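Undergrad: Listed below, chain by chain, are the residues.
Protein chains: 2
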Amino acid sequence: MRTYDISLTITPDLPTWPGDPKIVLDRFSKMEEGAPCNVTQISACVHIGTHVDAPYHFLGGQAETIEQIPLNILTGRAYVLHLPDEVDLITPEVLIRLGIPPRTRRLLFKTRNSASWNRDYNRFHEDFVAISAEGAEFIVDHGIRLVGVDYLSVAPFAEPKPTHDILLQAGVVVIEGLNLSQVSQGRYSLYCLPLKIGGADGAPARAILIGV
Amino acid sequence: MRTYDISLTITPDLPTWPGDPKIVLDRFSKMEEGAPCNVTQISACVHIGTHVDAPYHFLGGQAETIEQIPLNILTGRAYVLHLPDEVDLITPEVLIRLGIPPRTRRLLFKTRNSASWNRDYNRFHEDFVAISAEGAEFIVDHGIRLVGVDYLSVAPFAEPKPTHDILLQAGVVVIEGLNLSQVSQGRYSLYCLPLKIGGADGAPARAILIGV
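Those protein sequences? They're chains A and B, same order as listed.
Going by the numbering used here, the first sequence opens with residue 30, and the numbers climb by one from there.
Going by the numbering used here, the second sequence opens with residue 30, and the numbers climb by one from there.
Take these hints with a grain of salt, some might be off.
No copy is singled out in the list; a pair is fine if it fits within one copy or between any two copies.
Below, simulated SDA-like cross-link-like pairs (lysine to any residue); rule was C-alpha separation at most 20 Å, straight line [said to hold, decoys possible]: (1) 59 with 188; (2) 51 with 186; (3) 190 with 200; (4) 59 with 189; (5) 51 with 70; (6) 59 with 72; (7) 51 with 72; (8) 59 with 92; (9) 59 with 198; (10) 59 with 46; (11) 59 with 94; (12) 59 with 41; (13) 190 with 57; (14) 190 with 64; (15) 190 with 56; (16) 59 with 45; (17) 59 with 48; (18) 190 with 120; (19) 51 with 182; (20) 190 with 92; (21) 190 with 65; (22) 190 with 66; (23) 59 with 70; (24) 190 with 49.
Source of the hints: derived by calculation from the structure; they are not laboratory data.
As the structure is a prediction and not an experimental result, all values here were calculated from the model.
So here's chain A without its partners, still in its complex pose (with noise of 0.2 Å):
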């Protein structure tokens, strides 16, 4: 069984959402200046590379926090979805073409973005293939728990909220900043896990998928 590192790779290079601040990294204690070891610093918003949105990125109030996300749905069985490069927004049309295998409970998209992270790794690009509301909705009416997009929002640049809400109001757990260059669509084992941030709005994550 191969294993698959679909996770991002978080260095200051690495584009964050405009208006975010910055990665940093701070090794502030330095063997080659004496020290007894290595101790790196890290300065990041949450939201940075392969990470998972709570419901209360986008709902507030009482909504459901990053720690508070099942186990059970972040792990399990997975299904990657190879969308054509043309595809620019993913639609209930898109979906009825391609096709989600029945019983699907969890659903990675890869799309043409997952390329630009190999080829243009650093720049952030605004017309990344993302998830309309129409096919959000039709996401959670098939019984969807948990969608992974290849880029840093579940939603298209110019409309953010209509699609997050959708989906986190239903209860579905969202994956963003996938790197799915490596895979082949077909059925997977999906581990997903978040750094356990006691009350915070999402967190980064490593990904990874086990063939089955």
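Following the hints, position chain B against chain A.
TA: Relative to the frame of chain A, chain B by itself:
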């Protein structure tokens, strides 16, 4: 199959290593103040809570950094060994007396440290149970590829270097800061996924055990 979350919750109250920066969580975008969504920034040492040490942490130079630790060591069959509360130091004598099952490749130590996370969460203890240098050599000699401890260092507080050096030079993956209080001695499947931070000496991780 039951899933156990063996990760500590990251909060500003979580004890950090003496001298390391405190954990800061700053929700800089707040819906109650009119922002479109809640967004938090985290600032922390990479060796907080449940985390993995990379060889570069204590060996420096060209030693492996955290994103290079193989996933096939971080995931797979693991054995939780429950040490009686009177054990202060994990030595060869303790390991011989309690017994490591044959063919164990990943070994997690449940000590009295685990209960302290529930009882006295937010105070740093110097008298935690850890592995002696001789215990580390014993572990290496027995072909263990991953070792996990339930406090913030694999080594005794007063003598951090020898235990770290022995394990990391042998390529043994070191997980620190587990909370094994809910887990009994026995065999499990471990998934320990540290953040993929480029070039770093360590990374916080989410770790789970699945009953087998």
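Undergrad: With reference to the structure, classify each hint as holding or not holding.
TA: Structure-based check of all given hints:
no., hint, result
1, 59 with 188, "between (44 Å within a copy, 19 Å between copies)"
2, 51 with 186, "within (19 Å within a copy, 34 Å between copies)"
3, 190 with 200, "within (15 Å within a copy, 46 Å between copies)"
4, 59 with 189, "between (41 Å within a copy, 16 Å between copies)"
5, 51 with 70, "both (14 Å within a copy, 10 Å between copies)"
6, 59 with 72, "both (18 Å within a copy, 19 Å between copies)"
7, 51 with 72, "both (8 Å within a copy, 12 Å between copies)"
8, 59 with 92, "between (42 Å within a copy, 14 Å between copies)"
9, 59 with 198, "between (46 Å within a copy, 18 Å between copies)"
10, 59 with 46, "between (30 Å within a copy, 16 Å between copies)"
11, 59 with 94, "between (35 Å within a copy, 14 Å between copies)"
12, 59 with 41, "within (19 Å within a copy, 25 Å between copies)"
13, 190 with 57, "between (39 Å within a copy, 18 Å between copies)"
14, 190 with 64, "between (47 Å within a copy, 12 Å between copies)"
15, 190 with 56, "between (37 Å within a copy, 19 Å between copies)"
16, 59 with 45, "between (27 Å within a copy, 18 Å between copies)"
17, 59 with 48, "between (31 Å within a copy, 14 Å between copies)"
18, 190 with 120, "within (16 Å within a copy, 56 Å between copies)"
19, 51 with 182, "within (17 Å within a copy, 30 Å between copies)"
20, 190 with 92, "within (15 Å within a copy, 44 Å between copies)"
21, 190 with 65, "between (48 Å within a copy, 8 Å between copies)"
22, 190 with 66, "between (45 Å within a copy, 9 Å between copies)"
23, 59 with 70, "within (12 Å within a copy, 25 Å between copies)"
24, 190 with 49, "within (17 Å within a copy, 38 Å between copies)"
Consistency note: the structure conflicts with none of the earlier hints.
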